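Please build the complete structure, drawing on both the sequences and the hints.
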Amino acid sequence: MFFDWIGREGGALLSWWLLTLLAGVAVYPLFFRLMGMLPSRGYALARAAGLMLIGFVFWILNILGLLSNTPGSTVLAALIVLVIGLVSYATWKEREPILPWLRANWSHILAAELLFAVMFVGWATVRAMNPSLVATEKPMEMAFLNGIRRSATFPPHDPWMSGYAISYYHFGYIIMATLANLSGVSSGIAFNLALPLLFALTGLGAFGIAYDLVVTQLRHFTEKQKNEVLARQHYPSALAIGVLAAVFVVVMGNLGTAAVEIPYQTCTASPAYLKWMNLDERDAYPAQDAAAPGNCGTTQSLDPANWNYWWWFRYSRVVRDTDLTGQPLVIQPITEFPQFSFILSDMHPHVLALPFAMLIVGLSFNLVMRKRDLYVWEVVLYALFTGGMIFLNSWDAVYFGLVLGAEAVRRLTNNGTGQLTGRDWLGVVRFGIALVGLTAILYLPFFIGFRSQAGGIIPNVLWPTQFNQFFIMFGPFLVILGAFLIVEARRAGQTFNARLAVQAIAGIIGFLVLAFLILAITAWFKPEVRQAAFQVADESGGFLGVIAPVLLRRLQGVVTEGVLLLAMFAVIGRLFAREPRKTDGTPDSAPQVITYSAATGFVLLIIAAGAVLTLLPDFVYLRDGFGVRINTVFKLYYQGWLLWSVASAYALWSVLYDPAWEPVATPLRLVFGALSVVLIALCMIYPVDAIRSRAFKEGGHLDPGDTNALTLDGGASLAMGPDDYNAIQCLASVAKADNDVVAEATKANIAYNITGNYSRVSGLTGIPTLIGWDNHERQWRGETFDSANLFVDAANNINETRADAIAKLYNSTNIADALAEIRRYNISYIYIGPQERRDFSEVGLAKFDGLPTVCHFGNVDVYAADAVGLQAPKAAGN
Amino acid sequence: MHITNDTEFNLEESQPSYDLPSETQALPAQRAGITIPVELLLYAALLLFALALRLPELGTNPLNDRQAHEALAAFRAVTPRADLQPDETQIIAQNPLMFVANTLLMSAAASTTTATLLPTALLGVLVVGLPLLFRRWLGTGNALIVTVLLAISPVLLLASRSMGGTVWSMALALLGLFCIGRFIESRAAAYAVAATIFLALLVLMAEPAGFVMFLGLLVGLLFAASGNRTGNDTVDTNDETTDNHFTVSMLVRSWPWGRALLSATVVVGLVGTVFLLYPRGLSGIGEVLNQAIRGFVTRPEGQPIAFPLLTSFLYEPVLWVFGLVGLYWTLNSEGNSPADFIRRVLVGWLGISLLAALFYPGARAEHALWFTIPLVGLAALTVERALIPVRDKFWDVPIWGPYLHGVAVVAMLAITGINLVIVARLIMNTAPGTLPTIDQPLRLIFIVPAALLVVITFFLVGSIWGARAAWHGLGIGVLAFLGAYSLGAGWRAAVVNADDPREFWRIHPAARNLNLMETTLITASKRVTSAPYDMQILVLTGEDGPTEDGALAWALHRFQNTEYVKELALTTNAPVIIARQSPEAPKAGAAYVGQDFPVYYIWDRGSLSWDFLSWVYDRTTRVLPQSDGRVIVWVRSDVYGVPPPDQASTPLNVPPVQDLPPAQPPPPGQPVPKQP
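The listed protein sequences correspond, in order, to chains W and R. So in the numbering used here, spot 498 of the first sequence is number 498, and the numbers just go up one at a time. So in the numbering used here, spot 481 of the second sequence is number 481, and the numbers just go up one at a time.
Simulated from the structure, these hints should not be mistaken for lab results. Do not rely on the hints blindly, as some may be mistaken.
Estimated spans, in silico, between C-beta atoms of each pair [said to hold, decoys possible]: (1) Arg430(W) <-> Gly269(R): 28 to 34 Å; (2) Ala108(R) <-> Arg430(W): 51 to 57 Å; (3) Arg824(W) <-> Gln560(R): 26 to 32 Å.
Keep in mind the model is a prediction, meaning the values are calculated, not measured. C-beta atoms are modelled at their ideal positions from N, C-alpha and C, and glycine is treated no differently.
Okay, here's the thing in structure tokens:
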């Protein structure tokens with residue numbers, strides 16, 4: 001079965017592998033210079049950098065009207081990147097020959113390539129077992145992909161709102177669309193190739209960074225101990241830690257399956273335990289059958305194939321927020337992690353941004369390693385890459401903080417005083433201004449057209465994260481990083497700057513409180529916020545009555561917040577080292593203030609960054625259409641996962657093997673090692689079980705006599721049967737004009753295909769329809785949505801939404817109504833498939849019979865929206 | 001010149017025998033008043049000859065699909081279609097330089113077929129004259145011979161007359177080579193900058209396969225530089241101020257990369273955007289790269305394997321015969337003159353051309369030019385040696401001796417040819433698909449005595465004036481005979497058989513009937529709108545139907561109200577509807593009468609067998625070409641006042657002439673396929 005599939009679709013896999021390799025090759029001369037401080041010269045990150053840089057050049061030249069959206073233009077963009085890289089390399093005075101370097105580092109390169117190939121083909125196999133694109137938001141992502149593929153120029157058309165460009169962070173879709181166009185595969189295949197590609201690129205990035213961290217530390221050891229032989233003995237461990245980092249980032253799940261699902265399914269958990277864990281639908285057993293003692297209402301099976309449908313989905317919701325009465329909120333925070341993303345297989349922007357987030361982490365580490373300031377062209381590139389994260393996934397603007405933090409750590413380690421001088425602070429600020437300013441310039445066309453639902457930051461009063469739930473999410477990382485911080489504090493010895501750390505933590509708490517108050521006061525001036533606050537207060541017996549429950553509620557988060565603040569304390573104390581003192585308190589004559597390497601310094605930075613990201617949702621959240629912290633927890637925890645994954649791989653190695661320091665006592669190491677292994681193993685249950693459920697069970701491969709062939713083509717799953725799919729494909733081949741518009745069924749206030757199969761024609765072809773899932777359009781366009789969606793004529797006689805217009809177009813028996821809608825929205829094609837026949841009246845649909853048929857399959861008809869034909873008698877010309 | 005182990009080469013020392021006359025030598029001529037050197041006159045005559053070969057009947061034949069695509073790309077850039085958004089009018093050119101030239105020409109002059117073909121044709125003339133640049137290294141005589149060979153080259157003639165992008169890449173490659181040579185000589189950065197610009201234009205803007213010529217040049221240079229003819233690996237500096245000996249690595253190091261790449265980028269950007277007038281023109285560069293990559297895996301439909309190589313063999317036997325001899329001499333030469341160096345460059349170039357022809361499926365007939373440049377250079381050596389007077393220690397050879405021998409060889413080869421033609425014509429009289437009777441091929445036996453006569457004459461001449469004179473005479477004869485054959489073959493392919501698919505060069509030529517269709521439509525338009533090009537025309541596209549960038553589209557490009565639609569509305573009543581030939585009449589809101597036109601011709605190469613003889617000589621075969629891609633021009637019945645027959649619309653065989661008798665009832669029935 002596997003080889004049969006490889007025989008059929010191996011070419012597509014090969015082409016994507018080759019294209020990404022070429023993207024890496026195109027950028028490597030530039031990258032070799034830019035990332036010159038990393039031992040690997042950023043080899044593992046080059047693919048992602050190449051895709052991003054080529055994508056940027058392609059996008060900006062399209063936006064400027066210099067290129068069209070064609071495969072050739074992508075190749076030209078790649079060539080431009082290559083030429084820039086070659087010029088940069090050729091003009092590099094201290095240039096290091098690339099070929100000897102490649103020869104000297106063949107083991108790293110081979111390992112990176114093997115890892116990429118295994119991860120890419122491996123996850124492609126998982127997707128091929130169940131390539132369906134039906135569920136959740138895949139139709140929307142498919143629409144973006146197709147909309148970009150068929151747009152003649154940029155900005156690309158929004159396939160779900162004709163006449164408008166996409167108003168969403170869509171850089172990732174552009175990158176994937178260009179790969180699809182270059183390889184010439186259908187979008188159904190491209191979608192399912194993009195996910196393995198992202199999986200492999202992210203893993204590869206983590207591998208490269210972890211490898212560089214370990215090798216940097218070993219080189220630091222060589223310098224310190226003059227023991228190159230011992231250092232070299234540890235080099236293979238760098239590769240192993242790299243692989244471990246890749247596993248942490250994209251393969252490992254959270255503890256939910258081991259800690260809750262298995263005990264629940266096997267009835268081994270006590271009801272009190274489940275209640276304490278308090279996860280949605282897993283806080284109690286189902287109603288038990290009294291007639292069957294011991295029956296807790298579950299399958300009592302260890303095989304996930306027997307568990308409830310999509311059980312794995314629950315572990316993307318391990319944090320549960322409740323109101324003051326203890327009732328769970330209707331909308332709960334999302335606690336997604338990469339492995340869940342890939343199991344679910346939505347190609348959302350946060351997934352598309354994963355490899356590039358790794359790239360930014362790598363760039364940050366490179367920055368920490370530098371001895372001197374960045375040149376102007378390097379600052380431009382840093383801005384291009386970091387700013388690109390906003391275009392990829394606007395929440396990833398947090399990476400600006402990481403890059404600035406890296407610049408601060410660079411200055412800290414370079415000046416050797418353990419403190420940041422005023423000059424340093426000024427440098428960091430200047431660098432930040434440059435980054436932001438350049439980002440604004442480089443991505444100006446995106447910012448101009450971008451609208452969002454974000455409405456500011458408001459304080460989180462009621463929903464701190466309980467530690468047990470936080471531990472389910474980040475358990476192994478907390479243990480490994482906790483141990484590492486303790487060990488590092490010990491390694492710091494007298495240089496540990498506890499005083500500064502205490503001051504800083506006090507400052508952070510003070511800042512949080514102050515910010516909390518300011519935000520609360522600011523938010524109070526927003527009527528809807530004030531109204532919500534009054535409502536809560538009224539329900540709890542007035543404002544005075546609320547104070548005590550709120551304070552009690554805040555106590556629930558004390559452990560989580562305490563742990564995170566403690567981590568920050570340790571990081572600050574270690575990073576901002578103080579001069580070691582003699583016993584009499586006077587400074588040492590030749591103090592070595594900074595005793596950690598750049599690698600350790602950077603790991604401390606990303607630990608702190610992760611702590612900040614996971615702490616923030618306890619105090620603030622982004623005001624959006626949901627009104628709760630659903631997205632704030634989701635997006636910030638997600639980045640926390642990435643940072644802590646890389647940090648944990650290094651931390652594990654550092655605690656157990658780092659030759660630069662005196663080894664930790666063997667019993668402690670054994671306990672720590674065993675605990676880590678157990679926790680990691682428990683987390684690895686999630687991917688194993690989830691893949692069994694999602695790929696094997698859902699894909700029908702556990703059925704007796706399974707004959708389901710493996711395929712990556714999931715396009716047909718979005719259609720309503722073969723005739724529908726064939727008609728959609730036919731339409732896609734016929735409608736080539738850039739200004740085509742297709743009419744298809746829709747409904748008001750739809751967000752998913754739950755009550756029908758809406759927006760599939762536009763989704764599968766990319767031809768814009770009047771309105772797709774309007775709920776999502778509203779999220780993407782924020783306050784501008786209504787004006788775009790509503791048509792009001794000058795005399796105010798007509799006041800209709802686009803969904804109304806569609807209904808009128810199909811249902812009205814008055815030809816004039818249909819004509820008006822066709823002209824108003826420039827409709828080129830009218831699609832009548834199963835959903836349209838289900839939703840609209842037969843008489844209404846009959847009026848289209850006079851139009852020329854473009855495609856006809858079974859009960860599906862696609863008509864050319866010919867206004868004259870609609871006016872003519874039905875039999876005219878026949 | 002010294003070529004060393006360390007890949008040194010020096011082009012400073014030119015051959016003394018070919019040195020230009022010094023200023024003092026030229027003084028007596030100056031005293032006599034204005035004089036025109038014979039050499040200049042010869043070059044002018046050759047250029048005029050090349051021009052004369054390229055201009056007659058240029059534009060008579062309709063453009064084929066590939067040419068139409070390029071022409072329409074420029075036409076749409078100059079004249080966007082009113083019914084579409086600017087972005088949608090774009091057809092991306094695959095030869096950006098030609099696109100720029102066509103755009104400028106169409107803006108300044110006219111958008112006719114001739115105007116579209118003109119830039120490449122003129123560039124072809126320029127290419128004929130480019131050897132003049134290499135005169136300083138090749139010498140006067142050799143450069144002139146190269147020019148003559150290029151002037152009669154059928155492949156260059158055909159490519160020049162048919163918008164061959166390879167002509168552009170050939171010109172750029174030669175200019176690039178010249179600039180590299182001058183940079184090595186003078187170390188003036190301007191030459192390096194110019195060379196970089198030319199080579200960037202070659203790879204990015206000339207044509208998709210432009211990179212092959214670049215590779216040929218590159219590999220040729222490396223091959224030549226790696227050849228050690230002296231065993232001297234020391235640097236020999238003759239000039240105290242200038243080190244005239246370069247190694248490849250020194251050349252790379254001394255190249256002003258920054259300036260050169262920046263200048264090339266600016267020039268490519270400016271030219272690609274038609275000097276900022278058409279920004280999206282840069283997409284054409286992307287398309288070049290895209291097509292270049294696709295060329296590795298995609299062979300154009302109907303094209304045989306190693307098409308450029310076969311084309312070159314067929315049309316340029318003279319170059320192959322003399323070029324291979326030149327190749328042998330070059331490889332065995334110990335010479336270190338600049339001319340030897342250049343010939344070694346050409347050897348490497350020839351190798352890459354051979355590899356590309358075999359392993360690059362995207363190559364077309366015009367890429368036979370890959371072979372033309374190196375072969376011309378190598379053949380010139382052989383021709384030069386054949387033409388120079390024979391000086392022998394033992395034989396006193398008169399100057400006219402080898403020429404006389406050459407005339408005899410021509411005569412005997414002509415006898416051979418005539419016999420072949422007779423046999424070929426006999427075979428042509430038999431029915432297609434049948435084998436000729438035994439006596440017909442037997443006439444080929446008459447060729448044997450003629451061939452024997454060539455051999456006998458060779459030995460006869462050898463016994464009188466020595467073997468060297470005999471070889472010279474044989475060379476002159478073969479050169480004259482094959483040269484005449486090549487020139488004739490080139491002219492026939494370029495002009496006489498311009499729409500004949502039996503011509504090996506042409507795979508899917510557009511039919512001349514498209515001209516007739518245009519005339520018919522002009523007449524109809526005058527009847528409908530009183531203006532020749534204002535009539536509304538609907539072209540029904542769809543699967544296998546006419547495209548918006550093909551031969552038909554170019555034939556219609558001046559009809560400004562042409563619309564391409566996928567389906568006809570039931571109430572359509574446009575004066576003219578053009579649709580793919582179909583037994584069903586279009587379902588429209590008026591009655592129409594139709595006339596069918598072939599758009600292309602095709603011919604089955606598999607049917608050749610014994611026709612090969614006549615095909616080689618004059619491309620006649622027993623199996624005739626067939627029309628392809630036929631369309632029916634449906635004219636609304638009231639345009640010509642033709643009353644509709646029983647059915648609302650019926651395809652009729654209305655003669656496509658200007659003035660139909662208004663009331664003459666057309667004969668009923670289906671359209672009769674026309675033979676070309």
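#### Entry: Hints the structure fails to honour
Every hint satisfied by this model.
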